[in-house]
Structure formats: C-alpha cells, structure tokens
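Turn these sequences into a full structure, and let the hints guide you.
Protein chains in written order, with full-length UniProt numbering: chain A, 1 to 416; chain B, 1 to 195.
These aren't lab readings, by the way, just hints derived from the structure by calculation.
Honestly, I wouldn't trust all of these hints.
[To be verified] For each label pair, taking beta carbons as the anchor points, the in silico distance ranges come out as:
1) T96(B) / N244(A): 54 to 60 Å
2) T64(B) / D87(A): 50 to 56 Å
3) R91(A) / A177(B): 50 to 56 Å
4) R13(A) / A177(B): 22 to 28 Å
5) A90(B) / N244(A): 44 to 50 Å
[To be verified] Far from chain B, by Cβ distances over 10 Å, these chain A residues were calculated:
6) R125
7) G159
8) R246
9) L247
10) L268
11) E275
12) A347
We put the CB at the ideal spot given by N, CA and C, even for glycine.
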Amino acid sequence: MILRLAFASLMARALTVGMTILAIALSVALFLAVEKVRTGAKASFADTISGTDLIVGARSGSVQLLLYSVFRIGNATNNISWQSYRDIAGRDEIDWIVPISLGDSHRQFRVMGTTSGFFEHYRYRGGRMLEIGQGHGLDDLYDAVIGAEVAATLGYDVGDPIIVSHGVASFTHHDDQPFRVAGIVERTGTPVDRTVIVSLEAIEAIHVDWQTGARTPGAPTPVDDIRQMDLTPDAITAALIGMNSRLQIFGLQRWINTYPEEPLLAILPGVALQELWQIVGIAERALIGVSVMVVVTALLGMMAMIFSSLDERRREMAIWRAMGARPVTILGLLVLEAALMAALGAALGMVILYGGLVVAQPWIDAAYGLWLPISVPSARELVVLALVIGAAALASLLPALRAYRLSLADGMMVRT
Amino acid sequence: MTRTLTSLAAICLALPAAAQETRDLGAHEHGVSTVEIAVENGMLEIDILSPGVDIVGFEYEASTPEDKDAVEAAIRQFLDPESIVTLPDAAGCRLTEVLAHLHTGDHDHDEGDHDHDHDHAEGEDHDHAEDESGGHSEFHASYAFACEDEAALTTIGFPFFELFGNAREIDVQYVTASGAGAAELASDAAELTLE
Chain A
1 MILRLAFASL MARALTVGMT ILAIALSVAL FLAVEKVRTG AKASFADTIS
51 GTDLIVGARS GSVQLLLYSV FRIGNATNNI SWQSYRDIAG RDEIDWIVPI
101 SLGDSHRQFR VMGTTSGFFE HYRYRGGRML EIGQGHGLDD LYDAVIGAEV
151 AATLGYDVGD PIIVSHGVAS FTHHDDQPFR VAGIVERTGT PVDRTVIVSL
201 EAIEAIHVDW QTGARTPGAP TPVDDIRQMD LTPDAITAAL IGMNSRLQIF
251 GLQRWINTYP EEPLLAILPG VALQELWQIV GIAERALIGV SVMVVVTALL
301 GMMAMIFSSL DERRREMAIW RAMGARPVTI LGLLVLEAAL MAALGAALGM
351 VILYGGLVVA QPWIDAAYGL WLPISVPSAR ELVVLALVIG AAALASLLPA
401 LRAYRLSLAD GMMVRT
Chain B
1 MTRTLTSLAA ICLALPAAAQ ETRDLGAHEH GVSTVEIAVE NGMLEIDILS
51 PGVDIVGFEY EASTPEDKDA VEAAIRQFLD PESIVTLPDA AGCRLTEVLA
101 HLHTGDHDHD EGDHDHDHDH AEGEDHDHAE DESGGHSEFH ASYAFACEDE
151 AALTTIGFPF FELFGNAREI DVQYVTASGA GAAELASDAA ELTLE
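Have a look at this one:
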C-alpha cells in the first residue's frame with residue numbers, strides 16, 4: 001500500500017525525480033566503470049604472461065625488469081652476457097629457457113630478437129598459445145613475425161619488406177639488411193601485438209657492421225657473408241624460464257640472484273606484478289575516492305531535491321496527517337521514496353554500464369589492449385549497489401525527520 | 001616506538017687468483033623475515049629466513065653459554081613446524097622433511113676490510129659491541145609436507161609471531177597452481193590467504 005503510494009508520488013513529480021534518478025544512475029555507472037577498468041586492467045596485465053616461472057635480467061628492480069621484458073615499457077639498464085645465459089640454461093631444474101633481445105625498433109614498434117622457443121612457450125590469458133594466423137614462424141635469418149597491431153597499423157601483409165631502425169626512435173636504419181614479413185600473430189591483447197619479432201641471430205646480423213653504436217665506414221658486409229658467420233650473440237636483454245617443478249623456483253631464483261660472475265636478477269612475474277600494484281595502489285585509491293565522491297554528490301543532490309519538495313508538499317503532508325496518518329508513516333513514505341529513487345538509479349546505472357560496455361568493449365580492446373569482460377555483476381558490485389540504496393535512505397532521513405516534526409502544523413498554517 | 005632496525009651488511013668475496021674483487025651488498029632488515037612457499041602435486045615446501053635479532057636478540061657469534069643455549073633453543077623451536085606454521089586440517093598435511101640452522105654472516109671475513117654500517121634506532125637494548133668482527137646472522141628453516149588435499153591449502157597461519165616477540169613482519173612469496181604472489185604479514189595479521 002505505502003509502496004504504491006510512494007511510487008505514485010514519485011510518478012507525480014516525474015521530471016525532478018527523473019533527473020535525480022539520472023544523476024544517481026550516472027554516478028553509479030561511473031563508480032562501477034572505474035571498478036571494471038581497474039580490475040580489467042589488473043587482469044589484463046596478469047593475463048599478459050602466464051606459464052613463465054622466472055624472468056632473468058640484469059640486476060635492477062623487479063618491477064622494472066618485468067616492465068621492460070614483458071610489457072616493453074622502459075629500457076633495460078644492462079644486458080646479460082651470453083656466457084651467464086648458457087650457465088643458467090645448463091641448470092637441470094630448467095624445462096625451457098627463451099632469450100629475448102630488445103633495443104631496436106621499427107617505426108613506433110619495438111623489435112624483439114628471440115628464438116622459435118618463444119612461440120612454443122609464451123602463454124597469455126591463462127595458458128593460451130600464440131597463433132600465427134598468416135604465414136609461418138621464423139625460418140630464415142631475415143624473417144620477421146609481426147603482431148596483429150603492427151600489421152593493422154602499418155598495413156603489412158606477409159611478404160612485405162621491413163627495415164629495422166637502430167635503437168628506439170632513431171634515424172639510423174639497418175637498410176642494408178631488409179627483413180621480410182614471414183608471419184602475422186593473431187591478436188592477443190598483449191604487448192606481442194605491438195612487437196616485431198625476429199631471430200636472435202638476426203639482431204646480431206644487422207649489427208655486424210656496427211661498432212660502439214655507429215656504423216663502421218666502408219662497404220657493408222655482403223649478406224651472403226653474414227649468413228656464413230657465427231651469429232651467436234654476446235649478450236641478451238632478458239630470458240624467460242619455465243621450470244620442471246614449481247618447488248624449485250625459489251631455489252633457482254636464489255642461485256641466479258647470488259650468481260657471483262655477474263649481477264643478475266630473477267623474478268617471479270606474479271610477485272613483481274603485485275609489487276607493481278602496490279605502487280599503482282595510491283592512484284587507484286584516488287580514482288576510487290573520486291568516484292565515491294561523485295556518488296555522494298548525487299545523493300546530496302537527491303537530499304536537496306527532497307528538501308525542496310517538502311515545501312511544495314506541505315499541503316499533501318498535512319492532508320495525510322489529517323486523514324490519520326501517523327508522523328512515522330510520513331517519515332516512512334519519504335525514506336521509501338528515496339530508497340526507490342536510489343534503487344531505480346542503481347538499476348539504470350547498471351543498464352548504462354553494461355550498455356556502454358557492449359558498445360565500447362571492442363574499441364577499448366583494440367585501442368588500449370584492455371579486455372573488459374562482460375559478466376554477471378559480482379558480489380562486490382551488488383554490495384556497492386546495496387550501499388548506495390542504503391546511503392540514499394539514510395540521507396533522506398534528514399528531510400524526512402523535518403517532515404516528521406512539521407507535517408501537521410506547517411501544512412495547516414496559511415502562509416502569505 | 002618501533003625498534004625496527006635497518007642495517008646493511010657488506011659481504012666481500014675476494015677472488016684471490018683473478019686478483020679481482022667483487023663487492024656485493026645484500027639487504028638485511030631487522031624485524032622482517034622472509035618466507036617462500038611452493039605447492040605442487042600435494043607437495044608443500046616452506047622456507048623461512050629470519051634475522052638473528054628477531055629470534056634470539058643478537059647476531060654476534062654465540063660465545064657465552066647463555067647465548068649458545070638461546071641459539072639452540074631457537075633452532076629447537078624451528079624444528080617443531082607446528083609452532084611456526086599452521087596448516088588447515090582439511091589439507092591433511094604430513095611433515096616429510098625439516099631442517100633448521102643458523103647462518104652466520106662472518107665466514108671468510110678475515111680480511112677485515114669490509115664496511116659495516118649499523119643504523120641503530122634509539123632505545124636499542126641489545127649489545128652489539130661484540131659485533132665488530134661479525135656480519136649479520138640469519139636463522140634458516142625449511143619444511144616439506146605431503147598433503148592429501150592440495151586444494152584445501154587456502155590459509156597458512158604463522159604462530160611464529162607469538163614465539164618471537166622481535167619479529168614484526170614476514171614478507172611472503174608463494175607459488176601455487178594458480179600462480180605466484182606475494183603478501184606481507186604482521187603480528188596482528190598473521191594469516192596468509194592463498195587464492
């Protein structure tokens with residue numbers, strides 16, 4: 001009965017109530033969207049590397065090593081000598097080890113030298129393998145396999161030539177030794193999409209005529225001669241390791257971290273990621289704080305709306321009282337109205353959120369490599385919604401108490 | 001006032017034949033123990049490294065009978081895993097291996113040319129005067145368990161804190177079937193949750 005009354009009362013003031021509901025809906029949608037992006041970004045980062053037990057690089061910070069080796073963010077402070085790499089690769093605990101060599105680029109994309117083992121062992125999104133959609137893997141010395149985004153942005157097809165630039169954002173090109181697009185990796189939503197992959201030997205080959213960062217003068221070494229050379233690299237940037245047994249991870253990590261011949265660092269990707277989240281946590285909390293404030297603002301707006309509506313409803317309230325409604329009923333009616341508005345706002349907010357997700361999901365994935373899953377609202381989201389409705393009811397108590405006290409006298413008095 | 005001490009130990013490894021010197025500074029933070037946990041196929045391995053100060057209150061080489069007794073008692077504590085870690089009963093874990101010993105920091109330190117930098121907090125009531133020749137010492141314990149139900153290993157408690165009042169924090173790293181992670185435990189939040 002009172003529910004119907006409350007509903008009818010809201011309908012009677014459809015415009016102001018509608019605006020209030022919209023404000024609540026938008027604030028709720030914003031809050032939930034921030035949550036989605038936050039958890040989605042985390043999941044996306046966590047999904048980028050799986051199945052790799054340890055990452056080895058020069059000794060620096062674990063977050064830094066993770067960022068440059070997996071996410072191609074920032075640069076390595078140092079390299080690992082090939083000898084140390086061989087030493088680590090010779091350990092019995094190791095199931096596989098994949099060296100990677102970074103430092104060169106093609107247009108805005110990084111070039112990564114590695115072995116075919118990378119395609120075999122690299123896993124993302126809970127164990128998925130890289131798939132070469134068109135063409136094939138690294139067969140020839142001058143084969144390059146490119147990520148889906150490289151192909152899409154630069155319009156490359158299998159067979160197209162690629163010239164690798166020396167360093168990142170540089171004007172010197174390795175134009176004497178052009179590569180050929182051998183394959184294109186299916187879209188993964190990981191940094192692999194934005195990477196040009198060549199063989200480790202190829203990285204060595206294009207630097208044959210280079211000494212201390214500059215090309216040596218004179219005619220370039222003919223390609224046929226280079227093919228005959230021993231192209232074992234002197235150094236690599238990092239290596240990904242898979243272990244035979246998880247139980248040996250910490251042991252090998254300690255062995256690498258105390259390797260006396262060279263300062264090395266071995267990290268567990270999951271642990272380094274968590275360290276990264278601790279750093280990002282401050283910004284995350286700020287984002288949550290802002291979106292909470294937006295919800296609070298919307299609720300305050302609702303409260304102001306109820307306050308001002310009291311004025312226009314003083315007659316209505318007085319008639320309720322005259323007809324025998326107890327002050328508590330008036331209070332209950334107002335609180336119920338507020339809760340109804342918040343509930344409608346929350347529901348509309350969910351609709352906006354999921355509608356927005358459906359529309360924006362492919363675009364966000366393509367533009368930012370961020371996959372936001374459309375899933376049933378989590379328990380956490382439902383708790384947030386319940387909190388918003390509860391807070392609305394609580395906020396409406398203030399105007400409701402005012403009506404509770406004044407309803408009779410105020411409504412009966414004739415104002416001039 | 002927190003009595004957490006931070007200090008650095010300088011460990012010099014002299015390579016005489018090559019006449020080349022490697023200087024390597026390892027971090028050693030008083031009050032903070034590190035724990036590594038790995039789970040695979042029902043096998044659970046736990047490794048604990050604790051600064052000597054946390055456990056017995058000193059890090060110099062035990063010379064007096066009291067000090068030696070303290071070290072021995074501590075090692076005995078470590079040899080009893082139940083007083084250090086609590087595993088869920090549902091997991092049905094049986095101890096298969098236990099090892100505990102004290103690493104002292106002053107082996108191969110006869111050169112006497114290494115830096116030693118102590119940064120003591122005020123109110124320090126330990127006597128480090130005899131610490132001149134020694135580096136830091138660490139207790140190391142490792143446990144191996146065979147568990148019937150690996151999936152039931154959801155939490156690991158650390159009664160360790162109740163035993164050693166100087167221990168403030170444990171930095172945990174773990175690897176399970178669902179991946180690797182890290183956590184920080186403190187005496188008032190001494191339970192690790194494994195996903």
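Okay, the hints, checked on the actual structure:
no. : hint                         : in the structure
1   : T96(B) / N244(A): 54 to 60 Å : violated (19 Å)
2   : T64(B) / D87(A): 50 to 56 Å  : violated (44 Å)
3   : R91(A) / A177(B): 50 to 56 Å : violated (23 Å)
4   : R13(A) / A177(B): 22 to 28 Å : violated (57 Å)
5   : A90(B) / N244(A): 44 to 50 Å : violated (29 Å)
6   : R125                         : holds (13 Å)
7   : G159                         : holds (39 Å)
8   : R246                         : violated (4 Å)
9   : L247                         : violated (5 Å)
10  : L268                         : violated (4 Å)
11  : E275                         : violated (7 Å)
12  : A347                         : holds (32 Å)
Checked against the numbered hints above, the structure breaks hints 1, 2, 3, 4, 5, 8, 9, 10, 11 and satisfies the rest.
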